[in-house]
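S.K.: If you want the building blocks of each chain, they are given just below.
There are 2 protein chains.
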Amino acid sequence: MRKEITSKQLKTDQFIQEKVKEIQAEVGDGTAINALSGGVDSSTVTMLGHRALGARLKTVFIQNGIMREGEPEQVVGFFRKLGVSVEVVDARAKFFAALKGITDPEEKREAVTQTFYKDVFGKLVKRSGAKCLLQGTILTDVDETVAGIKRQHNVFEQLGIDPQKAFGYRIIEPLIQLRKDGVRKVGKALGLPAELFDRIPFPGPALAARVIGEATPERIETVRKATAIVERSLKASAAFQYMAILHEDRVTGMRDGKREFGQQIELRCWDSVDARTASPTQLSFDVLQKLAREITETVPGVVSVTYNIASKPPSTIEAV
Amino acid sequence: MRKEITSKQLKTDQFIQEKVKEIQAEVGDGTAINALSGGVDSSTVTMLGHRALGARLKTVFIQNGIMREGEPEQVVGFFRKLGVSVEVVDARAKFFAALKGITDPEEKREAVTQTFYKDVFGKLVKRSGAKCLLQGTILTDVDETVAGIKRQHNVFEQLGIDPQKAFGYRIIEPLIQLRKDGVRKVGKALGLPAELFDRIPFPGPALAARVIGEATPERIETVRKATAIVERSLKASAAFQYMAILHEDRVTGMRDGKREFGQQIELRCWDSVDARTASPTQLSFDVLQKLAREITETVPGVVSVTYNIASKPPSTIEAV
Numbered sequence: 001m002r003k004e005i006t007s008k009q010l011k012t013d014q015f016i017q018e019k020v021k022e023i024q025a026e027v028g029d030g031t032a033i034n035a036l037s038g039g040v041d042s043s044t045v046t047m048l049g050h051r052a053l054g055a056r057l058k059t060v061f062i063q064n065g066i067m068r069e070g071e072p073e074q075v076v077g078f079f080r081k082l083g084v085s086v087e088v089v090d091a092r093a094k095f096f097a098a099l100k101g102i103t104d105p106e107e108k109r110e111a112v113t114q115t116f117y118k119d120v121f122g123k124l125v126k127r128s129g130a131k132c133l134l135q136g137t138i139l140t141d142v143d144e145t146v147a148g149i150k151r152q153h154n155v156f157e158q159l160g161i162d163p164q165k166a167f168g169y170r171i172i173e174p175l176i177q178l179r180k181d182g183v184r185k186v187g188k189a190l191g192l193p194a195e196l197f198d199r200i201p202f203p204g205p206a207l208a209a210r211v212i213g214e215a216t217p218e219r220i221e222t223v224r225k226a227t228a229i230v231e232r233s234l235k236a237s238a239a240f241q242y243m244a245i246l247h248e249d250r251v252t253g254m255r256d257g258k259r260e261f262g263q264q265i266e267l268r269c270w271d272s273v274d275a276r277t278a279s280p281t282q283l284s285f286d287v288l289q290k291l292a293r294e295i296t297e298t299v300p301g302v303v304s305v306t307y308n309i310a311s312k313p314p315s316t317i318e319a320v
Numbered sequence: 001m002r003k004e005i006t007s008k009q010l011k012t013d014q015f016i017q018e019k020v021k022e023i024q025a026e027v028g029d030g031t032a033i034n035a036l037s038g039g040v041d042s043s044t045v046t047m048l049g050h051r052a053l054g055a056r057l058k059t060v061f062i063q064n065g066i067m068r069e070g071e072p073e074q075v076v077g078f079f080r081k082l083g084v085s086v087e088v089v090d091a092r093a094k095f096f097a098a099l100k101g102i103t104d105p106e107e108k109r110e111a112v113t114q115t116f117y118k119d120v121f122g123k124l125v126k127r128s129g130a131k132c133l134l135q136g137t138i139l140t141d142v143d144e145t146v147a148g149i150k151r152q153h154n155v156f157e158q159l160g161i162d163p164q165k166a167f168g169y170r171i172i173e174p175l176i177q178l179r180k181d182g183v184r185k186v187g188k189a190l191g192l193p194a195e196l197f198d199r200i201p202f203p204g205p206a207l208a209a210r211v212i213g214e215a216t217p218e219r220i221e222t223v224r225k226a227t228a229i230v231e232r233s234l235k236a237s238a239a240f241q242y243m244a245i246l247h248e249d250r251v252t253g254m255r256d257g258k259r260e261f262g263q264q265i266e267l268r269c270w271d272s273v274d275a276r277t278a279s280p281t282q283l284s285f286d287v288l289q290k291l292a293r294e295i296t297e298t299v300p301g302v303v304s305v306t307y308n309i310a311s312k313p314p315s316t317i318e319a320v
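Protein chains in written order, with our numbering: chain A, 1 to 320; chain B, 1 to 320.
Do not rely on the hints blindly, as some may be mistaken.
To be verified - Listed next, with one range per pair, are the computed distances between beta-carbon atoms: (1) A:284 - B:54: 55 to 65 Å; (2) B:201 - A:257: 19 to 29 Å; (3) A:271 - B:271: 39 to 49 Å; (4) A:290 - B:191: 27 to 37 Å; (5) A:284 - B:87: 46 to 56 Å; (6) B:106 - A:114: 36 to 46 Å; (7) B:103 - A:294: 23 to 33 Å; (8) B:189 - A:103: 54 to 64 Å; (9) B:123 - A:261: 28 to 38 Å; (10) B:29 - A:254: 46 to 56 Å; (11) A:294 - B:214: 44 to 54 Å; (12) B:18 - A:300: 52 to 62 Å.
Hints are computed from structural coordinates only; laboratory data are not their basis.
Glycine residues also receive a C-beta, built at the ideal position from the N, C-alpha and C atoms.
Given only the sequences and the hints, what does the whole structure look like? Please build it.
M.R.: Written out as structure tokens, the structure is:
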């Protein structure tokens, strides 16, 4: 494996030129495919691949039904402006079918991952006739896989398949020598818009990680509405990360003088440098109460809103 | 029914003299019984009854297992100092048996009420041979029963029994013309200690109303520990009411570098005049984070603490 290129060592233009050549050499006169999530890594790989292959790289965006409000449209729109056409694949029914009845956080993550690789993207890759698969793996992913923190990052290792033996596929991982800061530099040089870099961290299982208990379409819609309010309201806070979590517990509330056994949204907003330790941002009560009011007034069924006041550890950033 | 005596109209000494005479006339040379909870109403009735009847009034304190830390000892101690002996009846097993498997808030309340009246106090009254039952019913209870807000306040109506016909009992309700402020005046005049008046409101189903989901002995013990911390820490806040609520939802946490799928405590602290509307007290983040730290460090299994930021309505004061 090739050696790390630190952000300091990185010569962006030279790096892009080299990777473009490498991708062209690997793919030859065939075609390639990649999955775009809208994160910095997959966005950068998409731009790099299109610079190398043009229309011979097919980029798909999997609509899994557990994204944030307007997320697919926003990501596809960014790339349309950059002259890159992205195919949106509606796989909502498959993801919700896989999530049905599952309440354990680990099993939820597993259902999302397996559906993505086995049921949706795996099949797309096969059907596409592509010889190469481009992936946004970065050095941190490799380290974390080795350390056992992250699951294997490679699509085919996920499936327990040697892609070359099985299908004659080749995996191309052009960012594997970089860390996040290096990827950001390359992405910027490739013309990615600032909005893509400004985004706060967001978990792999998306909004399924933001509901305690089963991730049904209705419950995802509830937390999606609350998430939109929180992200819009706290954008200016400069906090490390902020989120809305839908609880499974029911709490008593009242509406129009009548008892309503309703739902609760928990808000978390974190001060942190590297996510290893974190403490709740000391937001003003004006901001907190305004958030609670907007959520209880506009998100159906929510009668109660709380704010996390514990630190990590013993809490974690996400609840699920 | 006799007319309301407002706090302004109330002549405390005269009121006490009259009620003492009435109780003596009703009970004659028989005996009476009453249940003391430690609340202002039942404490005032206990003092009034003992002034009238001395040892011929048997006062029982039902230990239901869902009280706060040290509560039975504290209440019995107050009365011992006032020369009133209170019999503690250990009914913990009966209450927990009745609460077993029940998660619905209304069914929990019902289980606590029914166990108290039918299974525990009802039987005690019968066995005591008392001719009269003293109760701390106040005018607000009557109003709320009429308005359908509260359940019937009368023990025997609870049981669907006309006590006089069935057992020859008589119910004596010496405080029924007063409201809370009037009762406080009478209680003070009867020598009740300030601690009894300073206490924040506490719900009838006690700590069973402070756990979402099943009220098992273990879960009650968890919320009891958190409640003790919150009540001690927020005593100086001068807030209307404050509480700890144990959630049923599990959230991810980490302890000693390892993942812990733990429990969450929600704190509520209310600013309110009459409990009809309320807003969260704007406690400082120093206080909030200190509370979260103490709870996660000392209450086993708790990895997360939140603070309520919604108002009533659409929230309610209690969650269950």
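S.K.: With reference to the structure, classify each hint as holding or not holding.
M.R.: So, going through the hints one by one against the coordinates:
For the hinted restraint 55 to 65 Å between residue 284 of chain A and residue 54 of chain B, the CB-CB distance of approximately 58 Å keeps it satisfied. Taking 19 to 29 Å as the suggested C-beta distance range, the pair residue 201 of chain B and residue 257 of chain A conforms, at roughly 21 Å. A beta carbon spacing of about 27 Å between residue 271 of chain A and residue 271 of chain B contradicts the range 39 to 49 Å that was offered as a hint. The beta-carbon spacing between residue 290 of chain A and residue 191 of chain B, approximately 48 Å, falls outside the hinted interval of 27 to 37 Å.
The hinted window of 46 to 56 Å between residue 284 of chain A and residue 87 of chain B holds, with their beta carbons roughly 52 Å apart. Remark: the range hint 36 to 46 Å for residue 106 of chain B to residue 114 of chain A is upheld by a beta-carbon distance near 41 Å. Evaluation of the 23 to 33 Å hint for residue 103 of chain B and residue 294 of chain A yields a pass: the beta carbon distance comes to about 30 Å. A hinted range of 54 to 64 Å holds for the C-beta pair residue 189 of chain B and residue 103 of chain A, which are about 57 Å apart.
Take residue 123 of chain B and residue 261 of chain A: their Cβ atoms lie about 33 Å apart, and the range 28 to 38 Å holds. Range check, residue 29 of chain B to residue 254 of chain A: about 50 Å between beta-carbon atoms, so the 46 to 56 Å window is met. Our hint of 44 to 54 Å for residue 294 of chain A and residue 214 of chain B is violated, since their Cβ atoms are close to 33 Å apart. For the hinted restraint 52 to 62 Å between residue 18 of chain B and residue 300 of chain A, the CB-CB distance of approximately 56 Å keeps it satisfied.
The structure shown violates the earlier hints numbered 3, 4 and 11.
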